[in-house]
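Asker: Given next are the chains, with one letter for each unit.
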Amino acid sequence: MKTAIALFIGLLCTTAVADNEFNLLRSDASGFTQVSPGLELSFPADHLPHPDYRIEWWYLTANLTDEDGQHWGIHWTLFRQSLRPEPDPGGWQSTQAWMAHAALSTPENHVYDERFARGGISQAGVELTAEGRFDAWLDDWQWLGTGTEPLPGTLVFTVSETRVELDLSSQTPWVLQGDNGYSQKAPSGQASAYYSQPHIDIAGQIQHNGNTFQVTGSGWLDREWSSQPLAPSQPGWDWFSLHLSSGDALMVYQLRDTQAPNTLNGIWVTPDGRFSSLSGDQITLSSKGETDVSTRAGTRKMPLRWSIEVPAHKVDIEVSAPRADHWLDTLFPYWEGPVSVTGSHQGKGYMELTGY
Amino acid sequence: MLRFTHLSKGYAQPDGFLPVLNDVSGEVARGESVALLGESGSGKSTLLHLVAGLDVPDHGTMLLNDISLTDASAQTWNRLRREHISLVFQDFHLIPTLNVDDNLKLQARLAGQLDLDFCNQLIERLGLTGLLHGLPGELSGGQQQRVAIARSLAHRPTLVLADEPTGNLDEQTAQDVMTLLIDCVRAANSSLLMVTHSPAMAAYLDRRWHLKAGELHED
Amino acid sequence: MKTERLTRIVWVNRVLLSHYRRHPLQAIFLLLGLTLGVALWSAVELINGHARTSYADAEQFLGADAHFWIRPTGENAAVSQQDYIRLRRLGFVELYPIIEARLQTREQDWLILLATDFMALPIADAQNNSSETATPFVGDALAFMTPPFQTAVPESLASELGINPGDQLTLTNGQRLPPATLQSRPQQGERLVVDMAAAFEVLNRDNFDYLGVTKLSASREQALRQALPEGLILTRNQQSLDLQELTDSLHIQLAAMGWLAFVVGLFIVFNAVRFSLWMRQATLTTLREMGIGLDDLALAIALEALFWSVLGTLLGGGLGFLLGNLLLPTVSSSLGSLYGAIITPTVTLTARHLLQAAIMTLLGVTVAVAGPIWLSARRSIRQQQHQTLDQQFQPRQLGVQSLSAVALLGLAALYYFQIDSVSDGFVLLALVLFGSALSLPPLLYGAFWLAARSMPASWWRLRWAMRDAFAQLPHLRIAMMALLLALVANLGVSTLVGSFRIAFTDWLTVRMSADVYVQSATLDADALLTQAPLKVQASHARTGLNLRWQDRPTEIRGVNTQAPDMRSLPLALSEPNALSQWAEQGHLRPILANEQVHHLAGVNLGESVSLPTDTGTVDFQVVGFFHDYGNPYYAFYLPKATVSQYWKNAQPMGLAIWLQDTNLQAFEPDLLDAGAEPGDWIDQRQLMSVALQIFERTFAITGALNTLTLGVAGVALFAALMSIHQQRLHQYAHWRALGVNQQEWLLIVGGPLAGMVMVTGLLAIPLGAVLSALLIADINIIAFGWSMPLNWSWHPVANLAILTTLTLILTGLTALWRVQRQLPNALIRLGGTA
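Those protein sequences? They're chains Z, D and A, same order as listed. Counting along the first sequence from 1, when you hit position 71 you're at 71 in the UniProt record's numbering, and nothing is skipped either side. Counting along the second sequence from 1, when you hit position 25 you're at 25 in the UniProt record's numbering, and nothing is skipped either side. Counting along the third sequence from 1, when you hit position 698 you're at 698 in the UniProt record's numbering, and nothing is skipped either side.
Hints in this document: simulated from the structure, not taken from any laboratory. As the structure is a prediction and not an experimental result, all values here were calculated from the model. In this text, a Cβ means the ideal position worked out from N, Cα and C, and glycines have one as well. Accuracy of the hints is not assured; some may be wrong.
Said to hold, decoys possible - So the derived label-pair ranges between C-beta atoms look like this:
1) A/548 to Z/301: 56 to 64 Å
2) D/120 to A/383: 35 to 43 Å
3) A/231 to Z/324: 44 to 52 Å
So here's chain Z without its partners, still in its complex pose (with noise of 0.2 Å):
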């Protein structure tokens, strides 16, 4: 369904000139609370919206397996916004607005939706139901927690006609990034209150082209609060989630810098949930080369193969993208998609590349 991309830009954008969507994401944060450290997570009520803030995502990818060794991707996030920093009337004149992108990764193809909703009618939202559940949706959308958290829980969406069923469940705990959830962006101070669970079990059903698939793997959900993430020196980011074969999970990213040096951070969680942050010198990050991306602009060359090494955990591996064709045309465009790992270790995870 085609929505009225333009007019969210055009809401969205609170800057006079929006020649680049992530403008948003620079833009001064006056009025909005800014994330300071000395930040305290509290679970379940900082799964919840925090208003004060001005973006926020619940963003889950996943590599999936049917019955038959095909491989699945999927990519469901649930963004807000709030549009002004007033307190919320709630109803039609909400001060916030909702967007969501669905995207799947089938054996023959890339499919992905994108919706949006304004907040306060009902229609969107992340909320605690009248019995006490966690509830994320847009539309027919929705992560339904069986309880106060999203874990366990389960995700319905729909993209392109095919309707995707999974239940999520994970053992280990939440894992708090940067320190103790205080993620710094920049060397200028913009930052976000980040944290994640990269050990997700997922068993579902998909229906696709008339077909029931029958899926399991592991998910990964970032959640992510803030009123500026990027500076206005930041043209965007190189994120990598990744499920290596020893059971632990690695998450790298890189904040591109024109002015300053580029911001590189990771966390490494062991198998049991036991995670310790990665600072920069602790992680080399190098591109491999470019692929051509075919988008609606044209066609753009994008670094698809990485290496990464992360010396303390014997790290040494190639990363890249087994299918070129996960480029997003959305509203903000980028590209994410599932990436193999080989090298020391083997694995698989999601990239994400954005500000291109």
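Since the structure of chain Z is already known, use the hints to place chains D and A on it.
Answerer: Leaving out everything else, chains D and A in the frame of chain Z:
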């Protein structure tokens, strides 16, 4: 040069057939000027019309520089009238909406044979220099006829056919025009066949023919 | 060889065109005729084409596809938020909410307000999702959704109502609309647009009027129908098709006017081209003498024709564009009021239009030019040399014209019995018009011949004048025909409009006899009537619903048969005692229908109609047809009880109240007490004036086109006169030399002209009557189904007489002035060569 042999032409009338030309023959050499005299109704205009292609003879042949004029197609006649045969009329037949300069150059342009030098010569000879930007309507009869003469000769045609060219002019003007006409015809090295009822005018030309009762005699 | 010919042709053209340098007036008139004709035709074409494209737009709502609507039924008047959200959460993301409210401002202007959720509105044409796509709104879209919100006002509406950016319109209920911003979305027309949040606040409500639905596959449609709760119904959006069908007649009428204007313009062109060729006859002959063949001449003339056509088309197209834009708002508002059509306010000129106009003018000019060329072709050079410039009286031509006239009129008479569509009707009109036009020259000749013969010999001046008519007539006959056409069309249409106006006003007075009309969702009608029994003389509460019958939108109304406006319902055709029969509701189920049902659907008195009800189709017997002017739809009246018996979904359709003393002010508090909101009612005076306004606007276009066509004819006359005088100048000089003075000259030259115009005018009157009879009794009925009596008024005749006389005087004086100026020269040249 023009040669016609055994030309006959008659018209059907309510009370029978009226013969006008009866087996006439003649020749006009290149550069020659011939006057065609005769009384009203003697057929002189008819002969002129036949040579101009404005009418078709009943019998006989006509040749212009070895081009057969009898049985010539309309297309051939058009080309002949453009390039080889020009006409000068008693009432000038100038284009009223063109100025003198354009008028006198028109025939040459239509024939695709504009020679500016020769045109200027003619303009000088005919004394038209000061009149070039006027319209025919503003000129006197004599002046108009001079323009007509210039037009007829600008492309140096083989033959000029003139039908009573001084008929509308007073005596003095007529004499001036005749002098100029002969002068220019010679300059263009064209032949001239002129119909006139005035022996005085005829005297200006090299030869004189008489048409009487449908027959042609030379003087 | 080729270039030689090309150069030759170029020179021939230069010679031919030099004529216009010396006679610029001819060029002006030629161009004028072309330009005016093309302008009027293309203005109408542009308006029609534009309107028709806009109907296709009815498939969309503010840029989003609207293939279906979800509307409330039964007790509900609105779609609740809960239902909407529920459907969306079921996955029906093709839905979006709509409010469409009719509001009245403090300044008494009625406006329509649209609202939707712009975050849910699926823009159909957002093909490229790049951020470079123009925003649906120019400017800050956030302002629409953020208090104090914004109102999108189309520029044309803003300038009409004097709204500046930032202005806040105040409504009669005291609420203020958000600040205005001048911009317009697709299909917005003359309506205001706000965000749903703003609408809820201003209108103090929290539900929607209906939902829009984009494309649905068959299975999706099925799923949606099943998912719909009680009280909501999914209907297809038929508006586009309906609009096309309903407005067809109107557009054909406009097109007919445009064609008429074009034809009259062509008359001018015809005249001018013929005349200019005639004036150049000597030149043409001289060219032939100089060896230019007929093929070259024909080619050159054809090129000249092409030149004029192209020039005329460009000028006419440009003028038509301006004219179309000028006339469009009026047409748009008529279409909007009558049919609910939304037309965007500006017209665009396309290459296709220009091409069409070019081809038509080229054809017209070629036809004008073909005659003389063909005639020339038949003549040898010698014959042409002896051709005089004076146009001869050609009895054979007259004979041909008379025969053609008779043939056309005869054909018209036969065709009359065959017509059953609007196009047929206009073909008939064309036959009548052209038959009459062709009969004019013979009539004129006959008139003058008779006049000349019957005058005594001593009136030699007059007899000279009459005979001079014969010299003038060949030049003037075409202008006279153009004049006749324009006069007849004018009279016919004026009579139509006049008759319509009378019928409409009379009908309106009877139908709208109540003092106040109330439409309120919150009014407690019973309370009102019991509270103020002394003030209320009578009341009429109607119910009804809309459905489709014979594939057209149809209104079913449940009425109170004893109400004052029902007892005196103006019936067009009825059985005796129809009104009492119908009130009694015998076992035959009698029904009243509007006369459109009779004329357009072909139902006769006493026949039965099958209407779709809740329980299946039910037959009703038609006992009467009532007049229903201005209604494009079918309508059926039944007693209220019957309607609620067969249709559960019938809604209240307003309350009409007759007051004891027509003091609405005194009554208003009672209305408020009973629950009505300010702005829920309208008094009779206002209602009548709005209705009449719509009427006048609709016919304003016809009036404008008519007047313009008359203007074109006037120009034709003027041009023809100028050309005659031009050509006869040397004759006038002769006359002057003979001693004819100014008064005598005026008599001889002006007399026949006045006579011709008089004869033409007199002929126009009965023909105008015939035309209006055809329009009223046949075409109007076929087109709209509205019947009315023909009301002949001498007013338009008087007006036209004055107009034509003025034109005559104007041209006469101008002619006199020109002749005076040119006579001295002509006199000089009379003397012959200088």
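Asker: Okay, which hints does this one fail, numbers in order?
Answerer: The structure conflicts with no hint, since it agrees with every one listed earlier.
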